[in-house]
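Novice: This is what each chain is made of:
2 protein chains.
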Amino acid sequence: MKYRIGLDISGGDNAPVEILRGAHLAQKETGQHIVLIGREPEIKQEAQRLRIPLAGGFTVIHAPEKIEMAESPAVSVRRKKKSSIAIGVKLLKERKIDAFVSCGNTGAVVCASTLYLGMIKGVERPGIALMVPTERGVSLVIDVGANIGPKPMHLFQYGIMGGVYYQLVFDTPDPSVGLLNIGEEETKGSEFVKYVHKLFSSSPLNFIGNLEAKQLFSGNCECIVADGYIGNIALKVAESCAEVFGHFLKDSIRRDPFAQIGMLLARHSLKRFKRMIDYAEYGGAPLLGVDGVVIIGHGRSSARAVKNAVQAASRELNRGINSEIKRRVNEICQNCRAGETSSS
Amino acid sequence: MKYRIGLDISGGDNAPVEILRGAHLAQKETGQHIVLIGREPEIKQEAQRLRIPLAGGFTVIHAPEKIEMAESPAVSVRRKKKSSIAIGVKLLKERKIDAFVSCGNTGAVVCASTLYLGMIKGVERPGIALMVPTERGVSLVIDVGANIGPKPMHLFQYGIMGGVYYQLVFDTPDPSVGLLNIGEEETKGSEFVKYVHKLFSSSPLNFIGNLEAKQLFSGNCECIVADGYIGNIALKVAESCAEVFGHFLKDSIRRDPFAQIGMLLARHSLKRFKRMIDYAEYGGAPLLGVDGVVIIGHGRSSARAVKNAVQAASRELNRGINSEIKRRVNEICQNCRAGETSSS
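Same order as they appear, the protein sequences are chains L and E. This note's numbering numbers the first residue of the first sequence as 1 and each following residue consecutively. This note's numbering numbers the first residue of the second sequence as 1 and each following residue consecutively.
What the hints contain is simulated information worked out from the structure, not anything from laboratory work. Accuracy of the hints is not assured; some may be wrong.
Said to hold, decoys possible - To give an idea of the interface, some chain L residues facing chain E are shown, with a C-beta separation under 8 Å as derived from the structure: (1) I61; (2) M69; (3) S72; (4) P152; (5) I208; (6) G209; (7) A213; (8) L216; (9) Y229; (10) I230; (11) N232; (12) A234; (13) K236; (14) F258; (15) I261.
Claimed, not checked - Far from chain E, by Cβ distances over 12 Å, these chain L residues were calculated: (16) P64; (17) T134; (18) G231; (19) A303; (20) S323.
Glycine included, C-beta positions come from ideal geometry on N, C-alpha and C.
Kindly produce the complete structure, drawing on both the sequences and the hints.
Specialist: Have a look at this one:
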């Protein structure tokens, strides 16, 4: 199917150049129509400099304001109505684009999406779903930072939404769902986590219980549910490790000529290894729960990461994730909502 | 100084063999007197088999019961009064040993220590301080799992205690203290974290603000304060990463003969690299705040890790950490306690 994918050209550490390069790659490889949202003069000038022909596969939408990475999400979304993020999400709301991809301020994307698109009927809060490489393939972790003070029902719904996504995108019937906790036994953790465990245990989901953080990359569980605060920290620790190990390794071989020759011989394998642990391979992270397809890219996204994020958006549209989320959440939560007191 | 270091022989995944081997190593290298606490017949039999002469450097104390790794801490400590953990902590309380080292059930060690030793006057809750390798040396992270529902004052005191430890053990005047959070700005995170930020900001500590998890191994901060739940997850993610990267790397070079030769050439550097990220290098983690020197070793501790944990205990005793903690906590908290409502 051919879709109109909106792309935030102002967001991300490498904006606008890498984002534009990514748009070009995505347009060539996926054939989707890319709607470039950002400062029009800058987009046109950079496109010319990079020799990217804008005729045909692209539309440019002028968004003069830019939300910086460190700005307060709630404040900036309300104040900067002409930012690329606000305009992109509004275009999605008006069905002028089919999906919106941004590598900009994550909090602002979450905030604008919740504000302008609203939630899928029955869903209480959005969650960011991240694909992580594991020893057996890919696992999905939800939430990694959209909701830093979740209620039990939010986590429960993350399990439903993540399961739907995993099932439809990776063609896996009845994916396993686990809960990130400090121990495997159901008696472990805070009262909060124990209550969430109970919600999952009495649901029709394929719930396999608590998972310790050391199992995060084991591939033992397909959909891992986490408190957004903890999920965010877990994810950043993993990134930090990848970086620091690289430094340590380099440090350790720098003064060893044998090791240097060794690394030269192993360079193809090392490249393959690097690709395995590179976030860019796994595209952006879908913001599940909002009433529209929104993909959040990594702030440091390269052109390839941007292209993969656009592909993630098309995949989500092709598989009809949101209508299935609506169906499943309402089917499953009908029963359990009676026992739950508060909602938003 | 010569001390009597109590060692839990029943605790840990590799007990009793690796623990005994570690005791032997520690006795030879540090000259400390090691008090072996566990099942006496088993200790004597294994020592004979391993050709470890018990005369002279060791005392054996019979503790017939064993707390398993998966047992509930509170329940097992109360029920198994003759476990190696309960007996070890009681020996410390009675000043029959100077420090206690265990690689057993972490929760049970925390629970028994709090119950039998009590807290250092003025300290509200104990915290586990872990040394982590960074790009510039070693950072201390406190708490990594003793207290999974901390109050703001607990975290504040972790900052004081961790700072004292870092200062005295690593000879660093006025070490920097940071707060693990999902963003660097002081407006980031939950109300809880913001309040802790305020406590630190108005204290005499060398507080450098919030730290994101991606800076955990950067070495930018000497003492990193974390909620025990989050600290525990961060630590386990890091361990998991180290493991998974190893698997990925092996996978990636397995079918590449050039890479295999390369790795052979680089083997000395790879070994050095492995040592850099090996927890065993950094000894056990002190349980700070309880009225006695308690060191918690990793469950998977090897003999070398056990030896390093015993060394960590002697270091703590030599530097008089606990009396300095008492002095500093009471000096600093006198002012701020007026503003804090609850304590235990």
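Novice: Look at each hint and say if it fits the structure.
Specialist: Hint check results:
For I61(L), the interface hint is violated, since its Cβ never comes within 8 Å of a Cβ in chain E; the closest pair sits about 30 Å apart. Interface restraint check for M69(L): the shortest CB-CB distance to chain E comes to about 10 Å, outside 8 Å, so the restraint is violated. Taking 8 Å as the C-beta cut-off, the interface hint given for S72(L) holds, the closest approach to chain E being about 6 Å. With a cut of 8 Å, the hint placing P152(L) at the interface with chain E is violated, because the nearest CB-to-CB distance is about 16 Å.
The closest approach between the C-beta of I208(L) and any C-beta of chain E is roughly 17 Å, which is over the 8 Å cut-off, so the hint fails. Given hint, G209(L) at the interface with chain E, is violated; its Cβ is 13 Å from that chain's nearest Cβ, farther than 8 Å. Given the 8 Å rule on beta carbons, the hint for A213(L) holds: about 4 Å separates it from the nearest Cβ of chain E. Among the interface hints, the one on L216(L) holds; its C-beta lies about 5 Å from the nearest C-beta in chain E, closer than the 8 Å criterion.
Hint status for Y229(L) relative to chain E: holds, with the closest Cβ pair at about 6 Å, below 8 Å. Because the smallest distance between the Cβ of I230(L) and any Cβ of chain E comes to about 6 Å, under 8 Å, the interface hint for this residue holds. Here the hint on N232(L) is kept, as its CB sits about 5 Å from the closest CB of chain E, short of 8 Å. The beta carbon of A234(L) comes within 5 Å of a beta carbon in chain E, closer than 8 Å, and the hint placing it at the interface holds.
A cut of 8 Å between beta carbons decides the hint on K236(L): the least distance to chain E is about 4 Å, and the hint holds. Annotation: interface hint on F258(L) holds; nearest CB of chain E at approximately 4 Å, less than 8 Å. With its C-beta approaching chain E no nearer than about 6 Å, I261(L) sits inside the 8 Å limit, and its interface hint holds. Separation of P64(L) from chain E is adequate, the least Cβ-Cβ distance of about 25 Å exceeding the 12 Å criterion.
Consistency note on T134(L): stated as away from chain E, yet its beta-carbon is not over 12 Å from all of that chain's, at 7 Å minimum. The claim that G231(L) is not at the interface with chain E is violated, since a C-beta of that chain comes within 12 Å of its own (minimum 9 Å). The non-interface label for A303(L) is consistent with chain E: the shortest C-beta to C-beta separation is roughly 22 Å, beyond 12 Å. Look at S323(L): its CB is around 32 Å from the nearest CB on chain E, clear of 12 Å, so calling it non-interface holds up.
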